[in-house]
Every structure is written in C-alpha cells, then in structure tokens.
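Student: So the chains spell out like this:
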Amino acid sequence: MAYRLEIDNMTVTLGDAERRFVLKTGAWSVTAGEVIGLTGPSGAGKTLLLELLGLLRAPDDGGYTAVPLDTSAQTASHDFAAAWRAPQAMSLCAAARAQFFGFVPQAGGLLPFLTVTENIELTQHIAKRPDAAWRDTLLGELGLTQIKGLRPAALSIGQRQRVAIARALAHRPFCVIADEPTAALDPENAQTAMRLLIEAAGAGGSATLLSSHDYATLEQFPMRRMRLEITPAEQGKTIVSTLVPLGTQVPKAEEVTA
Amino acid sequence: MLILRLALRDLFFQKVHLVCNIAVLAGVLVPLLVLFGVKNGVYNALIGDLLSNPRNVQIDTSGNTTFSTEDAQTVRGWPEAGFVTLKTRSQFDFVNVRLEGGGQKRDAVLIPSGEGDPNLPDGVAILPGTAVVSAQLAAQLEISSGDLIDVITQAEDRPRQMRLQLKVSAVLPAENVTGRAVLAELEVLDLVEAFYDAYALPEYGITQGKPLADRVPVFEGLRVYAASLEDLAPLQNRIETHFGISTEARTAEVQGVLSLGRNLNLALLLTAAVASLGLAAALVFGFWGEVQRKRHVLASLALMGLGGQRLWLFPLIQALVSAALALLVSFGIFGLAALVAERLFDTGGAAGNLVDITVMQAVSISALVTAFVAFSALMAAWSALKIDPATVLREGAT
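Top line first, the protein sequences correspond to chains A and B. For the first sequence, this note's numbering gives the first residue as 1, with consecutive numbering after it. For the second sequence, this note's numbering gives the first residue as 1, with consecutive numbering after it.
Hints are computed from structural coordinates only; laboratory data are not their basis. Just to be clear, a hint being listed does not mean it is correct.
Calculated lysine-lysine pairs in the DSS-like style (CA-CA distance at most 27 Å, straight line) [stated by the list, open to error]:
#	chain 1	residue 1	chain 2	residue 2
1	A	LYS148	B	LYS15
2	B	LYS15	B	LYS386
3	B	LYS105	B	LYS167
4	A	LYS128	B	LYS386
5	A	LYS237	A	LYS24
6	B	LYS87	B	LYS167
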C-alpha cells in the first residue's frame, strides 16, 4: 500500500521563557519513491524534525497524516498527530513506526548480539512482515552476502551503515528516515552508501527523508531539497527554525550531460 | 515472543555480565543454603532422636487418683492427645510367660496397648486374644510371630494359677521396648487384676471367688502419648489442670530441643534478612546499571517499534533467567558443600543427615528468590520504559 505523507504546519517548541526554540515544518507532502534531502546549519533542528516525522516526538500543533494513494481501496488515512493525543500514545506511535517507517541512524544503531542477517530481519519480525526473498535481495544489493553471519563488532563502519540501510528497508516501510547517514564515512563510502540507500529505497517503493551536512554527496543524486532556516525573533529570546523548500535538484553530472 | 528471544540473545551474548550477576546471587545464596541445610540437618537429627523413642511424648499420671474409662475417653477427645490408655495397679503387672509346649518360663511385665500405641511398629495391631512381645522375651523363649504363649499369674491367696493363652501377632524391635514385656489389650490386664482381687473367672477355670458381675473396674492411672512433640507441654498442663494431679513426662528435654529449633530459625532469619538487604541493593543497582549500559540497544528496539509497553520485559526476563541460573549454580554448590561437610564431620548416619534441604523447601526457596529478583528488577523495568527511542538519533553510535 502506497501513501502520501501530508505535513501540515507542525510546530514544536523547546526551552523556557528565557530562551526558546521553535521548529516550524510548513505544509508539504512526500509520496512513495520520492527522496527529500534536508539540510541546514548545526542547531537548526534537523534531528528534531526527523524525530517529529518519525513519530518520536509529539508536535505542539499542526497535522500529520498518511493518506493512501489508491483511493479505490478501502484503506483509511492514518492521523499520526491524533495518535499522540490518544491514551496509549506510546504504543500507537511505536506500532506506527514499525509499520510505516524505517530508520537509518548516524552510526547504524545495530544490535550487537545479532548477526547481520538477524539485524536485517528484525524490522520484518517487529512489523510481522517476514520476507526472506526481499531480505536476500537487500543482502545482495548492499553487498552484505559475504558478511551476513558476522556480528556488528566484526564490521567496518561502512559495512555497518549498509546493514542499517538494509534493516531500515527490510520490512518495506512507506518512508525511510536517515539522519546524517554518511556522517561517519569517508567520501567514497559516503557516496556509495547514499547511492545504495536511494536505490534500495526506490526499489522497495519507499519514500526517503534524509538529513545531511554532506552537500557534496547530496548533490550527486536527484532529490527534492528542503532547508531549515533560522530566524531570531523577539529580541533574540526565541529562535525560530523554519523548513523551506528549495525545489528539485538535478544531479550535477546530469546537468553536464544535458 | 520476540522480546523474550532478544532478551535471551543479549543475555547470553554478554556472558561476562551474566556470570557477574550469577556470582552476586550465588555468593549470597550458597552460604544461606548451607546454613539452612545445616540447621535442618542438626535440628531434624535431634527431633528424629526424640521421635524415635515414644517415651519422649509419653505422660504418666502419678499419685493416688483413680481413673475411669470415661476419663480416658475425655482425654482421647483432646486434639493434643495421641494414644491414651488406662493403667492397672502396677504390682499386678508382673506375669510369667511360656511358649506353648515349651519348657521354660520367664517373668515379664504386662503393658496395656492398643491401636495407635506408638510403641507398636507400623501395621501391627493388637486384637482381642493377641499380644506383642519384646525382643528380649522373644529371644529368651524363642517366640516367633504367630506362636501361642501362656501368660500365667498366681496370687498368694488364690488356690490355683490363672493361665491366659494369647497369640503373638508381632515381636517388637529391640529399641522399642527394653526388657521382657508383653503388650496386650487393657482387658487382659484388667482380667489379671480381677484375679488378684479374688473374683471368680470360670472361663479360665477359677470357679471360687466373688462374682465378677459385682466388680466395678477402677484404674490406677493414665498413660497418654502426645500427638506431637509440640503438643507434649500443653497436653501435660491440660491433664494436670483437668484432673488436679501431677504427671511425669520428659517435657523439659523436649522443650529444650524445640526452643533450640526456634532460636536457630530466628538466627537464620536474621542472617537471611541482613544478607537480603545487601543483595537487594546489589541487584537493584546492578539491573538498573545494566539498563543504562544497554540503553542504546533498548532505544534501537523502541525506535523500530518494539517499544510500547513491552520493553520493560527485556530487563525483567534477563533478571529472571539470571536468577534461575544462579539458583541452579547455588544448589549445585550447596550439594557439593553438603557432600564435603558430611565427609568432614562423619555423623555415622545416612547421607543428608548433616546438611538437609527437602524438595519442597528447595521449591519454596526458588520461588522466594525468583520473586525477590523480580522485585529487585522493577526499577530496571521502569527505567527501560522511560528510554527515549530518539536517543539513537541524537546520541549516535551503539
């Protein structure tokens, strides 16, 4: 089932009366197969934004809905913003994360006591979507077949990041959220990891939201770009960070070819 | 159950931490188990010694008070009382015994007995016309179970002897009754007493004397066995109060052992309480520390959607499995310690005499330890519930 995520002016406020940080998402949407690159200076709230979008933090205001693309199917929309107001918010959001999202943290976030294969299968087990064929495809596509029986401690950082990408995609989530997925990698490995993430997400029909400081790598891939921009207000007591769309980026290599 | 599998995988992956937790638990459990086992073994041996001799729960009335069958019935109705029998006048308890057709006679004491008499071995009953003889008497007269014996009595003022024939239903083990004795129903003793009191007993060939119908049986005393060692003192007190008499029993000796048992229990309880406080502190902070150490693992699981209300099970499962393994190790070491102790302190008894824990006690201890560990893991479980899955995104590496 493919969805469109509709983000409707969510805001979240941190801090106290002395010093406040306000994040504003604006109104936008992302559909299956799309890639969105989120950039912004340090402290602009990129991770906070991903926490909001990944149902890890409740918005103070605004709407957040997953709308099914196939209107003929009898599938209802999922109001994620409302889930936070339910009595069992933590359980509901955990269940929604398991079904709709895959996460690629900066350093993989792999479980040290499981092998590569078991780490990848974990999201399938949690989402109750076992799919050995797709798991093997991911192992092959991401070059993990030779190391599938090893534990994370035996892997390089680049290998761990590829395992994290496979794990995030294994249960065919609607959306993959990647927070600085190439931050710990050298330029060559960073580009490889980014390519594999975008290609595998595309093959699985997932939308991809990735934040990065690595502009050089981001520019190599076609994607929609959005940027968090900071604007001080009220005599510097409040900092407002607003997500601004930058339009669709065509890779530099393709520009040259054109 | 995925959380169970993951918790176990993690537990056995971190073997060093598992061994540490088991060592902490076993370090407290093993000494307590050995103490408890030794207390049990020594105390049970003392209690066993007391119980092996029915004389230790026996109460005999003394003085000149007489008793009726109704008095005996009253005492039988008390819950503290086991076997109760009336006693005839002691000077008439001595008889001569001869194996039927045998040439030898031996004098023996006639003891009233009956169903429930703790002097009788299990499964041996004294029915009308039967008797049980002591080992010494059986050996001297070569009496065996099933033989007929003649019980002969003679009074100075009676022209002839009275001879009763009884069938031997059992020979007592030597330790049950010392000396030469015949255990028979009270009616046999009463008959002997009637003979001495010069009543006519035509059934036994004694035609001269007072008519037996005129006789009102009166008994010289009561012999009562307490239902248990704990019942001895209350029963003795009740008999003395009810009949206004004095009695003889080994109450002081029995109370001494029971008091020792109570004091040993108290000492063990105090030791266990102090040890438990230390163990609780070690476990609570140990399990909590484990959750803090594994917060990235738990946060990763929560990030992938395994959080909700189930994540608290992760440390709880690990704590309970650690407890189960620690119990196995502790009982194993306890078994070895018991073997060594029994070899070092040769008691001459069967194995398990010196250090003893029953299966039921082991099950109860295991249940108690499991509950204790589960309670100690509650803070860790609560702490796991509070883990923010966004930790993985904000803090980075596992």
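Student: Does each hint hold? Answer for all of them.
Tutor: Each hint, compared with the structure:
1. As the CA atoms of LYS148(A) and LYS15(B) are separated by approximately 23 Å, the hinted pair is consistent with the 27 Å bound.
2. For the hint linking LYS15(B) to LYS386(B), the alpha-carbon distance of about 26 Å falls within 27 Å, and the restraint holds.
3. This hinted pair checks out: LYS105(B) and LYS167(B) have alpha carbons roughly 16 Å apart, not beyond 27 Å.
4. Simply put, LYS128(A) and LYS386(B) have alpha-carbon atoms about 25 Å apart, close enough for the 27 Å limit, and the pair holds.
5. As the CA atoms of LYS237(A) and LYS24(A) are separated by approximately 17 Å, the hinted pair is consistent with the 27 Å bound.
6. Between LYS87(B) and LYS167(B), the direct Cα distance comes to roughly 22 Å. Compliance with the 27 Å bound is thereby established for this hinted pair.
When the structure is compared with the earlier hints, no violation turns up for any of them.
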